[in-house]
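Chains as they are written, first to last, in our numbering: chain A, 51 to 463; chain B, 1067 to 1543.
Keep in mind the hints are simulated off the structure, nothing from the lab.
Hints are supplied without guarantee of correctness; some may be wrong.
Computed list of lysine-lysine pairs in DSS-like fashion (alpha-carbon distance at most 30 Å, straight line) [claimed, not checked]:
| hint | chain 1 | residue 1 | chain 2 | residue 2 |
| --- | --- | --- | --- | --- |
| 1 | B | K1471 | A | K327 |
| 2 | A | K411 | B | K1408 |
| 3 | B | K1408 | A | K375 |
| 4 | A | K428 | B | K1089 |
| 5 | A | K89 | B | K1443 |
Rough simulated footprint, nothing fancy, chain B against chain A, three-plus residues with beta-carbon under 8 Å [said to hold, decoys possible]:
| hint | segment |
| --- | --- |
| 6 | 131-143 |
| 7 | 375-382 |
| 8 | 406-420 |
With the C-beta cut set under 10 Å, the calculated list includes, among others, these residues of chain B facing chain A [claimed, not checked]:
| hint | residue |
| --- | --- |
| 9 | S1277 |
| 10 | S1296 |
| 11 | L1457 |
| 12 | N1472 |
| 13 | A1527 |
| 14 | Q1531 |
Keep in mind it's a predicted model, so treat the numbers as computed, not measured.
Yeah, the Cβ is synthetic: ideal placement off N, Cα and C, and Gly gets one too.
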Amino acid sequence: MEQLFNFSLDKISNFSEKDSLERKKNLKLFLDSGLPNKKDEDWKFTDLNLIIKKNFKHISNNQEFTFEKEAEFIKDFEHNYIILVNGAFKLSDMSFEETEKVKIDNLNSFEEFNYQSINNLHSLNKALSVGGFNLEIKENYKCKKPIVIYNYFTSNLDNKIINNSNKIKLHQNSELTLIEYNICGNSKFLKNTFEKIEIERDAVFKNISIQKTKTNGFFYKNIKGNQGYNSSYQNYLVTSGLKLNKIEIDMDLEKENSNCFILSGLCLGEKEHQEIKTRINHLAPNCKSYQKIKNVLENNSKGIYQGKIFVKDIAQKTDAYQLSKALILDDKAEFNAKPELEIYADDVKCSHGSTSGSIDKDAIHYLMTRGLELSKAKKLLIKGFLNEIFENLSNKKMKPFLENIIEEQINGV
Amino acid sequence: MKSEELKNQEYKYGFTTEIENFKAPKGLSEETIRFISKVKKEPKWMLEWRLKAYKRLRVLKEPNWQKPKYPKIDYQDLYYYSAPKSMKNKPKSLDEVDPKLIETYNKLGIPLNEQKRLSGVAVDAVFDSVSVATTFKGELTKKGIIFCPISEAIQKYPDLVKKYLGSVIPISDHYFATLNSAVFTDGSFVYIPPNTRCPMELSTYFRINASETGQFERTLIIADKGSYVSYLEGCTAPMRDENQLHAANVELVALDDAEIKYSTVQNWYPGDKEGVGGIYNFVTKRGACRGKNSKISWTQVETGSAITWKYPSCILQGDNSVGEFYSIAITNNHQKADTGTKMIHLGKNTKSKIISKGISAGKADNTYRGLVDIGSKALNSRNYTQCDSLLMGNKCGAHTVPYIKNKNSSSVIEHEATTSKINEDQLFYCNQRGLNQEEAVSLIVNGFCKEVLQQLPMEFAVEAQKLVSISLEGSVG
């Protein structure tokens, strides 16, 4: 273990004395048990220990960096923004919103992250986290424009690990669209993020994750959230381009009438490995959850979906759905799925479907008879296959932007 | 079926037969294994095989990833061999068999007297640790078919047994399979010679009678090139307050163009309404489609046992081979089931189909757990999986845990699963036409299971349908 990790707690500024003790304790916890491996059911399809050992050595948590880049903003639609550099909160601009309604600052307490450890990466994060942002939308305020988080990574990050934590809270009857936009250099580095989301009564939260270009990043993100009465959570994951990406979402539908949507469209290229793992806990009656995971797998890539729907005995009238679809375009590519249902209430409608296979030959034939080349026909079908996840997105400017991103990803493969 | 009738039939096989037993010393040890081997008059290689398994067992740990948890089993507090005393010197014909035993089987509806049998089903009756009688042996021998207790096969056909025993479930497989390899007592052996269609259904009827006894039977079925066999398995046990362990191994081997159809109606004692007693049914069933164009089909109706934990699987090695799995698992009261299948596609153009119906009532937990794995060389393979669960009441649980792996671009996997309760409209419709609640539920559930029930041979289908109704008795209202 010692050779692989070279962590130092001295480089991290602490909020308090207690914090520093906590960090020491958690670092020890992590070093004692190491990275999760495939013996752990949650990591069955992504042997993190093996992957990290193969790709990294002397991983350290050096925090010194200079931000040399000019920020490149998205021009397709007007938006507010937050800039994070190597995971740490740098600056923000909320010029489209009323100042006292949107609160954004540096995360200044890890207390909210003290839930029961999910895995060793949680201990690692608690030990080394450099903080992140803390975003709050006040009661009855509906954000006029989306907020984009520009997640910049500097170019000197080889064999480095970034640990950060973010907190997002939507107060009653508020509304927010948050776009996470990753912009990385060519360094081979690790990122370990924990995010806490709280969506109060009647609030609507849309979260979109985008990866700008292909990179050598190895990312892990853990989202833990809870939802109040009649609240809505929608998460769109369009993060192709990373070498490794595992996103874990654990959402509690605590009160009635809340709903949760997780939609993902990924087009994975050479040696890319992405896993989406979800756990939707239906803890109250009349809630709805909907998951649609679509993967296109090229050369040597690996796509994984592990989804779990848990329905508590009192959560009657639950409507839960999981769908995972994969197009496997290469014999070396692989798709694994484990769509799981754990149900204790009888008056429910829970179902899942999973398919994997190649592109429909008849559809290609049809397009070719209409004059399209083979490669164009394939691209068109792939585009149609992935764009389906955006069908319920109402924002007129956002949709073409996202479709464009998907198209770039397809062309990149 | 009328509801009063249903009530009386709670578990009609719960009686015990008062019969003198001849048992092995209590506990699991090398001594016990040597004892079993000696009683069975086994050759030396067989004893060595068992001891090898026992050696392996000592380093293995019981698996604990399953959903139904159970109190720790004290393996030293069990009898590993129990046989009716009258069977010590094996009777040569049915006339010599203890009339009490024959009566037991008659009570179970399994007449061992060949003339009395209506249909042509050959039966091997296993009572605790020994095979009591095998019917229609003569007729089968004429065709070159071997159907006998496995202990007899070890003596008479050592080459066949040596070649295939442990070839599908290796002795080092997992805890319960290894335990079985070390201490298995009896079971059936079937060999179908090339290009032969077995003229009748073969059947084994397992009965646990003695208390504090575990039943560890082993079944080995080999279908040689171009042959066909349909095999049925039934099981019952008396009602007792203790939990009894049943850890069987079933191995199937299908060579080129051969087909094996294996049906089970499992009706071990499920324990009482409070969850006291019942059988722990921890069984390993695995079939290998070794040859080209071979086919193995599993059909199971699981209604009994306190805990059912088994995954009848197919290893599709031969090109164009086919694996099928049809299952109904019903759990009521405190019963727990964790069952499903594994379809491992290795050969090209292999196909598999999984239909699983789980029904959960009372305070029961029913889990479907399955694996579909299409390897990178299994080009053009196909799988279709459908698992539906039905919940009755809000104190029971239904869970689905499928593992789906696809490693090449020409194969297609489809999987769908649903969980719901009995449709109110359907119930209302039945009530309106004069069926009471229980009859209506029974009708709807039978309809829900129809796809699987259709796969059963005639003789079993009728019994299974009744069983479905009885198992759910008391779960509505």
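Evaluated hints:
1. B:K1471 - A:K327: holds (16 Å)
2. A:K411 - B:K1408: holds (29 Å)
3. B:K1408 - A:K375: holds (21 Å)
4. A:K428 - B:K1089: Roughly 69 Å between the alpha carbons, so the hint for K428 (chain A) and K1089 (chain B) is violated.
5. A:K89 - B:K1443: holds (25 Å)
6. 131-143: violated (count 0)
7. 375-382: Answer holds; 6 residues pass the 8 Å Cβ test.
8. 406-420: holds (count 3)
9. S1277: violated (35 Å)
10. S1296: It is violated, given that the least Cβ distance between S1296 (chain B) and chain A is near 32 Å, above 10 Å.
11. L1457: Given a least distance of 4 Å, the restraint on L1457 (chain B) holds.
12. N1472: holds (4 Å)
13. A1527: violated (28 Å)
14. Q1531: At about 24 Å, which exceeds the 10 Å cut-off, the nearest Cβ of chain A leaves the hint on Q1531 (chain B) violated.
The structure fails to meet hints 4, 6, 9, 10, 13 and 14 from the earlier list, while all remaining hints are met.
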